[in-house]
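Its first residue numbered 2, the sequence shown is counted upward by one per residue in my numbering.
Keep in mind that a hint or two might mislead.
Claimed, not checked - Below, simulated DSS-like cross-link-like pairs (lysine-lysine); rule was C-alpha separation at most 27 Å, straight line:
{"#": "1", "residue 1": "K195", "residue 2": "K208"}
{"#": "2", "residue 1": "K48", "residue 2": "K399"}
{"#": "3", "residue 1": "K104", "residue 2": "K48"}
{"#": "4", "residue 1": "K48", "residue 2": "K195"}
{"#": "5", "residue 1": "K352", "residue 2": "K195"}
Claimed, not checked - Pair ranges (Cβ atoms, derived):
{"#": "6", "residue 1": "S228", "residue 2": "V268", "range": "44 to 54 Å"}
{"#": "7", "residue 1": "S66", "residue 2": "Y326", "range": "42 to 52 Å"}
{"#": "8", "residue 1": "R222", "residue 2": "R145", "range": "48 to 58 Å"}
Please keep in mind that the hints were generated in silico from the structure rather than gathered at the bench. Because the structure is a prediction, the values reported are computed rather than measured. From the three backbone atoms N, C-alpha and C, an ideal C-beta is built for every residue, glycine too.
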Amino acid sequence: METILIIGAGQAGGRAAETLRAQGFDGSIVLAGDEQHRPYERPALSKTMLTAIDDNDCFDAWLHSSDFYETSNIDWIADSVELLDVMHRTATFRSGRSVRFDKCLITTGGRARRLPGTPDSRHVFTLRTLQDAMRVRERMAGARSVAVIGGGFLGLEFAASARARGIDVTVVEAAEQLLGRALPREFSQRLRAKHEQNGVRFMLGAKLISTTEEAGGVNLRFEGNTSERFDFVVVAIGQEPNESLARASGLETGNGIHVDAHCETSVAGFYAAGDCANFPFGASGRRLRLESWQNAQDQAIVAARNMLGESVEYRPNPWFWTDQYDWNVQMLGMLDGPMDQWIERRTSIDKTLLMGLRDNAIAYALAVNNGGELRAIRRFVEQATQVDPEALADPSVKLRQLERQAHS
């Protein structure tokens, strides 16, 4: 009987195991991860997990029911693989257990970056795992102030959650603009204003020199010899791919595990998906690693199908989302260069659709509380549909009407 080993029991690993069974694979599936919790979705960790009132009801983002793995005959192991023998196709676990397999999918995800040169402190946290979120939630109780190091999506989501709990928030960002590589400048400024209206203070262009424990909190010292004390600190400066096991096993790596369009690595029979996978993207084939809910989900499904003998290429149209205060922000496409022009369909101050055009085709779109129109725009982006910019900016003109006109 064939055995498929999945290393990494997060969203990608769990979804791949589910797909294998759904596609009719009746062999053995071993799903191994180094967390003691069954697979879950991470977006809730910076949002509802931190704002829920009841400690006993603060997390419900499990990927599957508690009995799914047993009823699906999936061997879920809460143990980490320490050695992967590519030639003999065996995996040795930290506990000493070993597994012989026929094919392997690596979905080891990533780990939170830490502040370089910063000593361990009971008042400095990262926010990557369920255990991290539980510790942060506990520390938020009774806290009056927090510094968030990093003004990316995770840091801003945490800032919104902390403000919902009445905590004074200061966001420290080394760049002069929030999310400069991910958002159009104009919307970045809007998002900053939204946070400031909700009481968040920003220190942009700030260079952190050191952190020291002080009087039940943390003292941050900045360039210019200024310092401030906070009850605790959350570090949200991105993540690094967990690629060391793959690299030690002889797989090609570099900013993630290198895979082809079918999610197969440099060694036949070994696949990778999710945050740890570096894949060829778009017509140019440039290498890219995506950290998103959509990528973990969709790439894992493609990898699982190809492990069963299909020939499906992973060609994503990247989609990201974030919830901050009463804004649901969704982004479609990659902001990977200048746009010819920007068009906005604005229904109200809290409902809009912002689009970047190249050659009169939509290359990027951002929606605030407007997921319906973003879904309609997806077809325009995927097909590089030529549009009339003036009509596109008019919210009274239906997108379906524009699509019919473009193809008439």
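Checklist entry - Do the beta carbons of S66 and Y326 sit within 42 to 52 Å of each other? => result The hinted range 42 to 52 Å is violated for S66 and Y326, with Cβ atoms some 32 Å apart.
Item to check | K48 paired with K399 [C-alpha distance capped at 27 Å] | outcome: Violated - the C-alpha atoms of K399 and K48 are around 33 Å apart, more than 27 Å.
Checklist entry - Holds or violated: K104 with K48, Cα cutoff 27 Å? => result violated (36 Å)
Next on the checklist: Quick check on a hinted range of 44 to 54 Å for S228 and V268, using CB atoms only.
Outcome noted: Taking Cβ atoms as reference, S228 and V268 lie about 51 Å apart, which means the hint holds.
Checklist entry - Given the proposed pairing of K352 with K195, does the C-alpha separation stay at or below 27 Å? => result OK: K352 and K195 at ~13 Å, within 27 Å.
Checklist entry - Is the Cα-Cα distance between K48 and K195 27 Å or less? => result Within the cut-off at roughly 17 Å; holds.
Item to check | Pairwise hint evaluation, K208 against K195, where the allowed Cα distance is 27 Å at most | outcome: holds (24 Å)
Checklist entry - So does R222 sit 48 to 58 Å from R145, Cβ to Cβ? => result Since the Cβ atoms of R222 and R145 sit about 20 Å apart, the hinted range of 48 to 58 Å is violated.
The earlier numbered hints that this structure contradicts are 2, 3, 7 and 8.
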